[in-house]
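Chains as they are written, first to last, in our numbering: chain A, -3 to 465; chain B, -3 to 465.
What the hints contain is simulated information worked out from the structure, not anything from laboratory work. Hints may be right or wrong, so weigh each one.
Stated by the list, open to error - Using 30 Å as the maximum straight-line C-alpha spacing, the simulated DSS-like pairs for lysine-lysine come out as follows:
| hint | chain 1 | residue 1 | chain 2 | residue 2 |
| --- | --- | --- | --- | --- |
| 1 | B | K35 | B | K341 |
| 2 | A | K444 | B | K438 |
| 3 | B | K209 | A | K444 |
| 4 | A | K438 | B | K209 |
| 5 | A | K35 | A | K341 |
| 6 | B | K341 | B | K228 |
To be verified - Stretch by stretch, here's where chain A covers chain B in the computed footprint (C-beta under 8 Å, at least three residues):
| hint | stretch |
| --- | --- |
| 7 | 100 to 106 |
| 8 | 171 to 182 |
| 9 | 191 to 203 |
| 10 | 235 to 242 |
| 11 | 283 to 296 |
| 12 | 422 to 428 |
| 13 | 432 to 439 |
To be verified - Residues from chain B that keep clear of chain A, each with C-beta distances beyond 12 Å, as calculated:
| hint | residue |
| --- | --- |
| 14 | A5 |
| 15 | G43 |
| 16 | S44 |
Every residue gets a Cβ at the ideal spot worked out from N, C-alpha and C, and that includes glycine.
Protein chains: 2
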Amino acid sequence: MNRAALLDALRAAVGSSQVLAGGDLSAWELDWRKRWRGKALAVVRPGSTAEVAAVVQACAAHGASLVPQGGNTGLVGGGVPDDSGTQVLLSLTRMNRVRALDAANLTLTVDAGCVLQTLQQTAADAGLLLPLSLAAEGSCTIGGNLATNAGGTQVLRYGNARELCLGLEVVTADGEVWNGLAGLRKDNTGYDLRDLFIGSEGTLGIITAATLKLHPQPAASLTALAACADLKQCVALLALSQSRLASGLTGFEVMGDFALALVRRHFPHLPQPLAASPWTVLLEFADSEGVDSARARFEALLEAALEQALISDAAVAESIAQSAALWHLRESIPLAQSEEGLNVKHDIALPVSAIPEFVEHTDAALRAAYPGIRLVNFGHLGDGNLHYNVQAPEGTPAGEFLGAHEHGINRIVYDAVQAHAGSFSAEHGIGALKRDELAERKSPVALKLMRAIKQALDPQNRMNPGRVL
Amino acid sequence: MNRAALLDALRAAVGSSQVLAGGDLSAWELDWRKRWRGKALAVVRPGSTAEVAAVVQACAAHGASLVPQGGNTGLVGGGVPDDSGTQVLLSLTRMNRVRALDAANLTLTVDAGCVLQTLQQTAADAGLLLPLSLAAEGSCTIGGNLATNAGGTQVLRYGNARELCLGLEVVTADGEVWNGLAGLRKDNTGYDLRDLFIGSEGTLGIITAATLKLHPQPAASLTALAACADLKQCVALLALSQSRLASGLTGFEVMGDFALALVRRHFPHLPQPLAASPWTVLLEFADSEGVDSARARFEALLEAALEQALISDAAVAESIAQSAALWHLRESIPLAQSEEGLNVKHDIALPVSAIPEFVEHTDAALRAAYPGIRLVNFGHLGDGNLHYNVQAPEGTPAGEFLGAHEHGINRIVYDAVQAHAGSFSAEHGIGALKRDELAERKSPVALKLMRAIKQALDPQNRMNPGRVL
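Same shape as in the complex, but just chain A (with noise of 0.2 Å):
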């Protein structure tokens, strides 16, 4: 590879002053859980879909591969360059232009660098909801949202990234534009190009664009806690609340003993409306009628929970403040886990119906193999996707104690969540992080099927190497 000459491609693509090649580029470099350090050979920046195709062709002439980065706030490693120092990083951070909002049609259309809480106002705005919603919304970009298929806390309702985006723009490996950004909810003329490229990681083609669907917004949203005494409630829980409010049931979140004790041992001020139980379910309802019918039907529910001895206690929030008090609850628990000390996160997926029994088991192994283990259990029980991470045992060195037995603790999840047909990365990606993990447990005819397709759309492998395959 020539360097200089790519350089100056590169900069012919997207002018000198969005080609950064010395200085600090640990912004780009670094991702934001500073597990993954790498060394880009520059950090382009481009301003349209022309841009970004003229430095996929400039890399292709030289040789060079490319690692396509929105927010970096991804989870698993796919968003930084590795530490060849020969990788492009292409920041799409500067194309953050709204195309269009069509609302007779309740579509938007974005440029991939848009921020996502940015989108969320936009729809607002109009007086529409784009219910893709996320703890990094800050900061993430809806083509990094689309390239990773986020997923979120409003899934059970409005379905994932995938879900919510009708139509695509991609840069191919080719440095073509492909541009599929259709605002239908049904079109069957050939192949599903667009589902290939949501999730793939930036390893197909590169994202500048979609067309995202957008909801009326509800009249009234209602946000409640209730305390169950086992997960089997939790689960019988959901399916009582899933018959009575149907898609009105917007958020069902699951909380562990251990996970809201570590909120009150780290953030004491946050209040925790009921006493400690083994379990607390945060219950969202989304109602398209006005906020005196959501309470009634809310706290009906409810009523027939207890009635039904699915729950021993609840509390409805009477007001948005309470109601933001008690998500913020569910989402300090990441924030305590940090505060407590290094942990191993897991993000899987299993059947609803697998999982209290998935849970008593791998419990169980985990504290066999390493006794005093702490479980920290908590996620979107609706969506079947847990965030089952592990603390080190109380006043063990963490960092010790889990570079000895984070392999082995990985080993005991893993198999238990595959020998109940569940998933070992739910909404997080493959990224670097899961790569061997994703080649180990993969069917290998899925392997087989993806390394093809792989090869068909990327023969020369230089779209974010060393990712997902």
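Place chain B on chain A using the hints.
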């Protein structure tokens, strides 16, 4: 190809009695609209996934190509053999086992050859809803529904077949079995193979089983008709309905005056509760609370629409029988068209916001080019999906007129669809019928990507060749 050796291999794969190589095979060789008649080397009826794999391997060994078929209800000639007498017709209808119903996970895992209506009933028997619903449901199979990404009448609320599927089992072109039957709402472990096979019309592999999403059954479902003066009012009524009823709005069908006039002419016994108006909308509302609440909300919506002068009249069905009669009216339009004579059908999708202008423009262009032409316009307005059909001028021999003008009519319609960012195949697929249309109208970049994928997964072009691409 050694025909005798291939037949021997097929008999070894599935048993002699399930290889039909003589006699009247028109049940498989002729499509139900009687537009395509082919000649199969043999009809093979495997009873298990392993047998499907064995058939694919036998065909590979002997250089034969395969045409998979479900209920043979497709509309685009995608499921019948060509007339070469060299293709193996693989009928999935013997694979009709329900493998598992997991009520707590809201999933149903079934063989590909199960009839859709049977599965709707299976779900209903468990107190749950499988919301895929379309005219052919009494004989189409779920494998065919998925291979063509079928739509139907409840897409507005529940999505296409794609959105109702969580996992697939597929026999690949290599004769291997990919078991992707996960019942997970979140699974980001690699490329989205599921959605690639869905809608690929048997050209990439053979779907042998699927895990489907179920939903809670609504507590009450109500249907109404409303009269609109023009399509802009219909679109405004849709927005009002979505805003007030949110996901409770499960159906929003539009019927043009001439479409209903044909029903009056050929089925005079069918009641039409509203006086003739330029457009009649059929609305369906499913409520999770109960029939009283449903009726109150539905009537409030229609009153608001009357006040806002979006509609001039409305009638809410008073019983399940009346609801069924309203749907029957809508479903009688294609039959009335057949009674009236040969016609040209278009299954198109547009951004909802573009529909009024599209129809005004295209009606005028067709009437200018073909004086006296009669337009039968109806469809799933909520999905942007119109069945925009064309009947010969009154009194003109239809066969002659269409023989001379079908191509010209299609060109005007599809050019207008393209100009309005629409799709020339919303829910029926490509098959043989629209292959040339796809080659002409899809972007060259998309076609290049599709061909690369086809080449990667089926390099010998043995899977349903000549369809889609």
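Right, here's what the structure says about each hint:
Taken as a hint, the K35(B) and K341(B) pair is honoured in the structure, with Cα atoms around 26 Å apart against an allowance of 30 Å. Of the supplied pair hints, the one linking K444(A) and K438(B) holds, its CA atoms being roughly 28 Å apart against a limit of 30 Å. Between K209(B) and K444(A), the direct Cα distance comes to roughly 27 Å. Compliance with the 30 Å bound is thereby established for this hinted pair. Distance check on the hinted pair: K438(A) and K209(B) sit about 22 Å apart at the alpha-carbon level, within 30 Å; holds.
Distance hint between K35(A) and K341(A) is fulfilled; the C-alpha atoms sit about 26 Å from each other, no more than 30 Å. For the hint pairing K341(B) with K228(B), the CA-to-CA distance comes to about 23 Å; that is within 30 Å, so the pair holds. For the stretch 100 to 106 of chain B, the proposed coverage by chain A is satisfied: 4 residues have a C-beta within less than 8 Å of a C-beta in that chain, meeting the threshold of three. For the stretch 171 to 182 of chain B, the assignment as covered by chain A holds, since 10 residues bring a beta-carbon within under 8 Å of that chain's beta-carbons and 3 suffice.
Residues of the stretch 191 to 203 of chain B lying with their CB closer than 8 Å to a CB of chain A number 6, which satisfies the three-residue condition for coverage. With a threshold of 8 Å between beta carbons, the proposed coverage of the stretch 235 to 242 of chain B by chain A holds, since 6 of its residues qualify and at least three are required. Counting residues of the stretch 283 to 296 of chain B whose CB lies closer than 8 Å to any CB of chain A gives 3, which reaches the minimum of 3, so the coverage claim holds. Look at the stretch 422 to 428 of chain B against chain A: 5 of its residues bring a Cβ nearer than 8 Å to a Cβ of that chain, three or more, so the hint holds.
For the stretch 432 to 439 of chain B, the assignment as covered by chain A holds, since 4 residues bring a beta-carbon within under 8 Å of that chain's beta-carbons and 3 suffice. No beta-carbon of chain A comes within 12 Å of the beta-carbon of A5(B); the shortest separation is about 22 Å. With a minimum CB-CB distance of about 21 Å to chain A, G43(B) clears the 12 Å threshold, and the non-interface call stands. At the 12 Å boundary, the C-beta of S44(B) stays outside the reach of chain A, the nearest C-beta of that chain being 17 Å off.
When each numbered hint is compared with the structure, no violation occurs for any of them.
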